[in-house]
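Enquirer: One-letter residues, chain by chain:
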Amino acid sequence: MSVAVQEGTAVKQRRRGAFAERATTIARYLGRNRSLLVGLAFLLILFLFVVIGRMIVDTSEANPLSVGSLDPPSRDLPFGSDKQGRNLFAVLVVGTPLTFRLGLIAGAIGLTVGAVVGFIAGYYGGIVDDILKVIVDVGLTIPGLLILIIIAMNTQAGLTVNQMTFSIAVLAWLYPARIVRSQVLTLKQRGYVQIARLSGMSGRKVIVRELLPNLFPYLVAALVASVSAAVLAAIGLEMLGLGPFEAPTLGMTLYWVNYNAAIINGWWWWWAPPIFIIAILFTGLFLTAVGLDELANPRLRNRV
Amino acid sequence: MPLSYLAKRLGMFLLVVWLAGTVNFFLPRLGNGDPVRQKLLQQAALGGNVQSGMDDMIAEYDRKFGLDQPLWDQYVNYVGDMLRFDFNYSIANYPAQVIDIIGDALPWTLGLLLTTTIISWLLGGLLGAFMGWPRAPKFLQFLMPPLLSLNAIPFFLLGLVLIYVFAFVLRWFPLSGGFTIGTFPEYSWSFAWNVVHHSILPAMAIILVSIGGWALTMRSMMVTTNGEDYVTYADAKGLKDRTIFVHYSIRNVLLPQTTALALVLGQLITGTVLVEVIFSYPGIGTTLYNGIRGSDFYLVQGIVFFLILSIALATLILDLIYPLLDPRITYQKA
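Order-wise, the sequence lines are chains V and A. Be aware that the first sequence starts at 3, since it is given in my numbering, and climbs by one per residue. Be aware that the second sequence starts at 171, since it is given in my numbering, and climbs by one per residue.
None of these hints come from the bench; they were simulated from the model. This one's a predicted model, so the numbers in the text were calculated from it and none came from an experiment. For each residue, glycine too, the CB sits at the ideal point set by N, CA and C. Check before you lean on any hint, since a few could be wrong.
[Said to hold, decoys possible] Computed from the model, here is a short list of chain A residues facing chain V with C-beta under 10 Å:
no.: 1; residue: L185
no.: 2; residue: G236
no.: 3; residue: L237
no.: 4; residue: P240
no.: 5; residue: S319
no.: 6; residue: L345
With the rest of the complex left out, here is chain V:
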């Protein structure tokens, strides 16, 4: 209900054309929704790190043998270098957006497909719903990582980043499908949806005009969760040695850390920054998702 109210006020302000006023409304809302504020701030920090980093470092130094081996941090190499002679600052500047892009594409594909499946199954019900429900239940029992391992084991040259993205996307639709379906099932009983259906609106129109706008905040929250899950799957795959060996993603950086036993050799500069960035990324995504959940469902307010 209050989602609709918030949208209503947003529309009114747009009519007034007071951009500043809208900005203060958003700022005031973020002040109340701490999770969203902190989550977005974390993601912004990563964004700034990458943007500024790209300006001051030569990204080609993310390749092996471009600088000395195992140099500790210095003026030239603020994050030092790894055993194969990559400039670790360049690696992180290149790897962070690479990993995030992977998560974003896989998450977006997963959400889109999942939402379509969820809307169809939830709205039309019947045999389609039964079949899809079983598929989703079975699929969710099996951890995606295990299927990905089998896929990756069978690509001889190892997966490229794009192949990995696509493989993850293939499995990423199951969870969004489940939650969208359950939301549609409850929304379908609401009065305004009933009236729309009784007045002869086609199923597709009801979904697009009535259900979709009301589920929008849920979908955004689900997207963030899907991105996070996709990144997690990618890093897991990479840690197991099934990632793209030539790409300097965050997960591959950690793979090399583990492979070369960097921790017990005391090469702290090699593992500390990627761990920190991954932690910031996951925490940022998690808090953003929690904050968006709260936006979608104000009853959860002050939960965290």
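We have chain V already, so just place chain A on it with the hints.
Expert: Same frame as chain V, now just chain A:
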């Protein structure tokens, strides 16, 4: 309802297992990977000899592994083998059987997984229950943000930090492995302590991360339950706080917490696999990692199937326990 509940759960279990087996069988055959040739080429590259007669050897191995038969026969054989837990021979460690390798690693993983899951589920649940209780000490509220932030990161990420702090810098715990190299597994107190000492860090990585999640769900459900009329009524009629806490609030929240356990089971297992990898803990995860590095096709396939089977089985068990906790769903004595 009760019988159909049972049948539904059992059907679900069988479906998951069948699907896992089928996917496990067909996915590898979609690609044009030839594990035998790969392995032999790798051996040849290492040894520098046996170049001649390679094709004969491949044919011989294909015959031995049954790779020369039609796909359908292979599939039927495969399903039959799976049902008998015959996961074939390990390619890298021929003539060791995959199931024996899994059997050696299983106790380690099972021990780590069971203890950490039980501890974090109970401890996290209890913590969350107190946080959602209006009369609980206030300091508990401050525990939430750090626990929640930890909950967002993967197990192994915290594991890496723990190795550095507690094993490398402070030297309180061993760096890796399941027991000190040179000692032999035996039934003695000193060996038992050795094993526990090695497992504390991996266990901490899992517990510290997952505890926040359990606390969060428990807390929010506690808050909901405490707002219910029957709790207010119990309070009004003068029941002791403790009685309300245990018999009214926790009793009701137990149900969704158990459901949640069934839902995250898969994540817990894959998370544990990765923790084992970074600690070189001698369980299924490390075995899987070694199998991947040695392109040991059957070993990886066997482990993946075995893990999915375990998850399906554990889910089934939780589903069957559920009616015991929830009197609204009851078994029919059939």
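Enquirer: All hints are to be evaluated individually against the structure, with a verdict given for each.
Expert: Hint check results:
1. Interface hint status for L185/A: upheld, as the beta-carbon distance to the closest one in chain V is roughly 5 Å, under 10 Å.
2. Taken as an interface hint, G236/A does not check out: its beta carbon lies about 18 Å from the nearest beta carbon of chain V, beyond 10 Å.
3. About 14 Å separates the beta-carbon of L237/A from the nearest beta-carbon of chain V, more than 10 Å, and the hint is not met.
4. Of the supplied interface hints, the one on P240/A is violated, with its beta-carbon coming no nearer than about 20 Å to a beta-carbon of chain V, more than 10 Å.
5. A cut of 10 Å between beta carbons decides the hint on S319/A: the least distance to chain V is about 5 Å, and the hint holds.
6. For L345/A, the suggested interface contact is upheld, since its CB lies about 5 Å from the closest CB of chain V, less than 10 Å.
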